[in-house]
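Protein chains in written order, with the numbering used here: chain A, 1 to 110; chain B, 1 to 113.
Hints listed in this document are in silico derivations from the structure and should not be mistaken for laboratory results.
Be aware that a few hints might be false.
Simulated DEER-style distance windows between Cβ atoms [what the hints assert, rightly or not]:
| hint | chain 1 | residue 1 | chain 2 | residue 2 | range |
| --- | --- | --- | --- | --- | --- |
| 1 | A | 12 | B | 73 | 39 to 45 Å |
| 2 | A | 16 | B | 54 | 45 to 51 Å |
| 3 | A | 15 | B | 56 | 25 to 31 Å |
| 4 | A | 26 | B | 40 | 29 to 35 Å |
| 5 | A | 54 | B | 101 | 20 to 26 Å |
| 6 | B | 28 | A | 58 | 24 to 30 Å |
| 7 | B | 41 | A | 107 | 18 to 24 Å |
Reference excerpt, derived from the structure (chain B facing chain A, CB under 7 Å, subset only) [as the list claims (entries may be wrong)]:
| hint | residue |
| --- | --- |
| 8 | 8 |
| 9 | 90 |
| 10 | 104 |
| 11 | 106 |
The model shown is predicted, which means the values in this text are computed figures rather than measured ones.
The beta-carbon is built from N, C-alpha and C at its ideal position, and this holds for glycine as well.
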Amino acid sequence: QKEVEQNSGPLSVPEGAIASLNCTYSDRGSQSFFWYRQYSGKSPELIMSIYSNGDKEDGRFTAQLNKASQYVSLLIRDSQPSDSATYLCAVTNSGYALNFGKGTSLLVTP
Amino acid sequence: EAQVTQNPRYLITVTGKKLTVTCSQNMNHEYMSWYRQDPGLGLRQIYYSMNVEVTDKGDVPEGYKVSRKEKRNFPLILESPSPNQTSLYFCASRTGPSGNTIYFGEGSWLTVV
């Protein structure tokens, strides 16, 4: 079983702060990494994808990948109450299976 | 508009009564899959299909069947539903193994009593 591990949270941060979400994975052959945001009862929506070591920035979001440590993270700068959701880490080895973590619940307090 | 459409969105049914959840995508994607989502367990893949007439089991296939007779449709069949299949179900599609954008349907809430 290819594991993708996330802290379930909830992670609580004040509005305007940086939220840091972490994910580890077990399959060393993994090549593609994704962060999804999911509001309660809604379908997941893609926020970021990252394929190579280092940082990738998109607006307030930064994904960080370290394949040697089998670790991927998502930073959310200037967190807003609307960012309150569950964040899912997903990993694939470029086959057909996309393995999801159980998600981290983020709460941004005004 | 790119869409994955699932029906029904909400269903309460009784144990043993066969049901089908339909899924259709309008993007000509090769790859489609079904997930179930349960509290504390995250998204778990039930079945996936790499193309027409090509399907395979995911992590939790027991109690489910699928078919892929047309590229756009990938129905999920529960031949004899049981209460442990009460869950939120998502259909998803993408272009193929390297397709990095997965399109999810809106989800189907299924309750088996």
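| said: Against the range 29 to 35 Å, how does the distance between the Cβ atoms of residue 26 of chain A and residue 40 of chain B compare: consistent or not? | reply: 19 Å, violated
| request: With respect to the beta-carbon atoms only, verify the hint that residue 54 of chain A and residue 101 of chain B lie 20 to 26 Å apart. | output: 21 Å, holds
| Was the hint right that residue 90 of chain B lines chain A, CB cutoff 7 Å? | 6 Å, holds
| field | Distance restraint evaluation - residue 41 of chain B, residue 107 of chain A, Cβ atoms, bounds 18 to 24 Å | value | This hint holds: roughly 21 Å between Cβ atoms.
| CB-CB spacing for residue 73 of chain B and residue 12 of chain A relative to the 39 to 45 Å hint | Check passed, 43 Å falls within 39 to 45 Å.
| query | Is the gap between the beta carbons of residue 16 of chain A and residue 54 of chain B within 45 to 51 Å? | reply | 49 Å, holds
| chain A contact restraint for residue 8 of chain B - C-beta distance below 7 Å | 15 Å, violated
| Per-residue hint verdict: residue 106 of chain B, partner chain A, C-beta under 7 Å | 6 Å, holds
| message | For the restraint on residue 104 of chain B, tell me whether the closest CB of chain A is nearer than 7 Å. | response | 4 Å, holds
| Verdict for residue 28 of chain B, residue 58 of chain A (Cβ pair) under range 24 to 30 Å | 27 Å, holds
| message | A range of 25 to 31 Å was offered for this pair. Does it hold for the Cβ distance of residue 15 of chain A and residue 56 of chain B? | response | With a Cβ separation near 45 Å, residue 15 of chain A and residue 56 of chain B fall outside 25 to 31 Å, so the hint is violated.
Against the hints set out earlier in the document, violations occur for numbers 3, 4 and 8.
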